[in-house]
Amino acid sequence: MKSLKGSRRAIPFLTLALSLFIVVALGTTQALAAWKPTRPIEFIIMAGKGGGADRIARLMQKIVTQNKWSPQPLVPINKKGGSGAEAMLYLLSKKGNPHVILVTLNSFFTTPALRKLPVNYTKLTPVYRLAMDTFLLWVNTKSGIKNMDDFVKAVKAKKGKWTMGGTGKMQEDQLVTNMLMQAYGLKGMITYVPFRGGGTVAKNLAGGHVDSTVNNPSEGLPHYPGKMRPIAALTPERIPAFKEVPTFKELGQPQLVYFMQRSINAPGGIPKDALNWYTDLFNKLCNSKEWKDYTSKKALNRACLSGAPLGKFFANEDVKHKKLLMGMGLLKN
Amino acid sequence: MEILGNLFYGLGIALSPQNLLMALFGVVLGVAIGAMPGLGSVNGVAILLPITFAVPPTSAIIFLAAIYYGAMYGGAISSITLNIPGASTAVATTFDGYPLARRGKAADALVTAAVASFIGGTFSIVLFTFFAPPLAEFALRFGPPEEFAVVLLAYATFAGLGGESPLKTLIATMLGLLMSTVGTDIVSGSPRLIFGGITGFYHGINFLVLAIGIYGVGEIFYTLEEGFKTKERYQAKLGVQEIISTLKNLRQCTATIMRGSLLGFFVGMLPAAGATPASFMSYSIAKRFAKNPQEFGKGALEGVAAPECANNAASTGSMLPMLTLGIPGSPTTAVMLGALFVWGLVPGPRLFVENAEFVWGLTGSLYIANTMAVIVAIFAVPIFIWMLRMPMTILAPIILVVCAVGGFSPTQDMFDVYLMFIFGAVGYIFRKLDYPLAPMVLALVLGGLTERTFRQSMIMSHGSPGIFFDFAGHPIAAVLMMVSVVLFVLPLIPMIFRFRVSRAGTSA
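Residue numbers (our numbering), protein chains in the order written: chain A, -8 to 324; chain B, 106 to 613.
Derived from the structure by calculation, the hints contain no laboratory data.
Check the hints yourself; a few may be wrong.
As the list claims (entries may be wrong) - With the C-beta cut set under 7 angstroms, the calculated list includes, among others, these residues of chain A facing chain B:
no., residue
1, K40
2, L83
3, P185
4, P213
5, K288
6, A290
The beta-carbon is built from N, C-alpha and C at its ideal position, and this holds for glycine as well.
Full structure from sequences and hints, please.
Set out below in C-alpha cells:
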C-alpha cells in the first residue's frame, strides 16, 4: 500500500515531468529544424543592372553560391524605378514573407523622405550591414588642380560655371556636393549635372565634360592615375588605397564625412528564425575571405553590423539624411 | 607587330579545350536565348552569370561574350520567322525579314542574317584587336552633347522611312516618345506619369513589353481575324541548294554590309548608344543607297543584311568602352561589367597590361565564337523552318505563351504582362488603320536617352542650346548636328516640289 500510495503521489509529479520533457523535447526539435529557405530567395536591388548596388548583389550571390551556404538560390531582381521607391514599396507589399530581401544604398533614407512613401526603414526588418562605401573629390588631371586651395580658387574663377557630375538628383553625390559648397563658401557656384551611374560620371570627368566629381574609389579607379586625380577624401581616416590623399578632416573640415551604407533588409514581420538564418548567412559572408579581398581592393570599408546596433545605425542615418535634405531646402519639417 | 603576337597568344588561350567548350556552350545557349522573344542577351547573361562562378575569369568572360554573340544571331530568328523582335537590336530585322518569311523565303532571310552577322562581327573584332586603346580615347570625347547629336542622327536617318503618311509616322513617333517619359524622371529621380501611384509604372514602360505586344501579340490577333485560312503562307523550302543560292545572292549586299559594319562598330563603341540605334541607322542608310528602295519593307535581302551586320558589329564595339573605360556601351555589357567587378578585375588601360591573359583570351575567343555562331545559326535554320510549317492552331498558342514569358522576364512583374496584351490590341488597331509601328518602337527605345542627354547638355551649358553648335568646344557634336539637320531637310525638298507641282496642276 505504501508503495502504491507513494506511486499515487508520484503520478502528478510524473505527469509534470513528462509534460516538461515533451515541451523541452518539442522545443529542441523545433530549434534543430530552425527556419531554412524553402523557395528561391528574391534578392531585390533598388537600382539598375550594372550599377554599384547591382555589382555588390551579384558578388554576394557568387560568394553564397560558391560556398553553398544556402539551400535555395539567391535570385537578383532589379527594381530601379523611382530612385528605389519601387523596390521599397515591393518589400512593403511582401510583409511577413521571409523569401524576399533587399540590398540598399542611401536612397533607402532619402527616397522615402522626399517622396512621402508609405514605407521607410522602420517598416522593414534590418538584417545586416556589410560595408560602407567611401567618397573622394576628383578632378581631371589636365586641370592642374593639386589640392583643395587650388580647387576653391578654380571654382571661384569660373564664376558659377563650374560643373560637378554625379548620379541622380538628390542622391548621395548631390548631398556631398552640397556639403562641400557649404563648407567652402561656394554656394551657387557649382552646377550639378546628374548622370545615370557612377561609371558614367567618372567617364565624363575623364573625358573633360564636367569639372569635378565625388566618385566612389571603385568608380574612379579605371581612370586613375592617368586621367583622374583625387583631391581629398570624405572619410575620418585616410583610405588605404589612396594613402597620399588627405582627408577633409585633416584640412580642417571635420564635418565633411560621408558614407554610403551597403546593407540587407527584409520585409517587416518576418519570423524570428528566418531573421536569425539571414543574420548568420550574412555574418559568414561579411567575414569571408572573398568579401575581405573585395572590400580592400575596392577601397570600401568592410563594416559588419547586425541586430539592435544596426537598427540604431539606421535611425541615426535617417536623421542625418533628413537634416541634409532640409539644409538643401528640399525637405520641410 | 606586338599586337599580332598578343593575338596569337590570345587565340592560344581561347583554343584550350575548356575555353573552346565554354565558347561553344555559350554560343548555342545564346542563339536559343536570342531566338526566345523577351529573353534577349541582357537577361540571358544575367541569368547565366552564376554558372561562371565555378571557372576562372577568362573562361567566364569567354562564356558570357559567346552568349552575347549568339543572342545577336538568335535575335534575328524570331524577328524573321514570327515578326517578334527578341531584343531591341533585332527590331529593324523584322522590317524585311518577316515579309520575306511570308513570301516563303524565310530560309533566305535567315541565312542572309547569319552571314551578314558574321561579316559585321568579324570586321568589328579586327578593329577591336588593332585599335582598342586609341579608339577608347576617341570614345572618351563623347559627353552628353555628342551623345545627343548621335541620337538625333539616328532619328534623322530614319525620318522619311515611316511609310506613305508622314503625319501617321509623326503621331506614332510622338506616342513612343510619350511612353518613354513614363516612370522615373531621369534627371530629378522623381516618379512621373504613374497615374496616381501604380507601382507597375515606376520602372517605366519596358521596350520589350511594347515590342512583343504590338508585334507578337498584335500579329496573333491579326491572324485570328484571318481565321487561319492562309496556312500556306508559311511554306518554306530549305536544302543545301537554297543555302548556296542565297549565298550567291548575297553579293548584291556587299556594299550594304560593309557600310553597316563600319557604322555599327562606331555607334556601338559610343557609350550609351549601343546596337539598337546602329541597326536602325544601318537599315535607313541601306535604303537610301539602294537601287531598289521601293523593295524595302516588302522583303529586300539588303533590309535584313543591313541591321544584322550592324548589330553584331556594335555588340563587339560596345565591349571596347567596357574594357578600356569601365563603362558599358549597352545594357548587356553593363551586366558583364558587373561580372568583371565580381571577379575582382578593374577595367581601364591597366587591364590590358595587368590582365593580358584575360583581355587577349577574350579577343581571341571573339574570332572563334563568331565562327561558331554562324555555323550554329545556319544549322538551326531547318529547325525554325520546320517550326513554321506547324499549323497556326498549334503555333499561335505557343507564340502567345512565349510572348507572356518574354513580357514577364525583364522586370518579373505581372503588370507588364497585362500591359503587353493591351499593346497587342494597340498593335492590331494600328495595323488596321495603317499606322507604322517601327517609329513608335524606335522612339520608345531612344526616348530616354534623348531626353537625358538633352537635359544634361542644357544643364552643362547653363541653358544655352549653343552647346550643340559650338565648333570650338564640341566639334564632334556640331558636325553631327549639321549632318542631322541636312538629313531632316532632304526628304522635305521633293515633298515641297511635289506640292508645287500639284498646285500648279490644279490651278491650270
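Cross-check of the supplied hints:
Among the interface hints, the one on K40 of chain A holds; its C-beta lies about 5 angstroms from the nearest C-beta in chain B, closer than the 7 angstroms criterion. Taking 7 angstroms as the C-beta cut-off, the interface hint given for L83 of chain A is violated, the closest approach to chain B being about 10 angstroms. The interface hint given for P185 of chain A holds, since its Cβ lies 5 angstroms from the closest Cβ of chain B, which is under the 7 angstroms cut-off. Satisfaction of the interface hint for P213 of chain A is found here, the shortest Cβ-Cβ separation to chain B being roughly 3 angstroms, below the 7 angstroms cut-off.
A cut of 7 angstroms between beta carbons decides the hint on K288 of chain A: the least distance to chain B is about 6 angstroms, and the hint holds. The interface hint given for A290 of chain A is broken, as the beta carbon of that residue sits about 11 angstroms from the closest beta carbon of chain B, more than 7 angstroms.
The structure fails hints 2, 6 (numbered hints given earlier, in ascending order).
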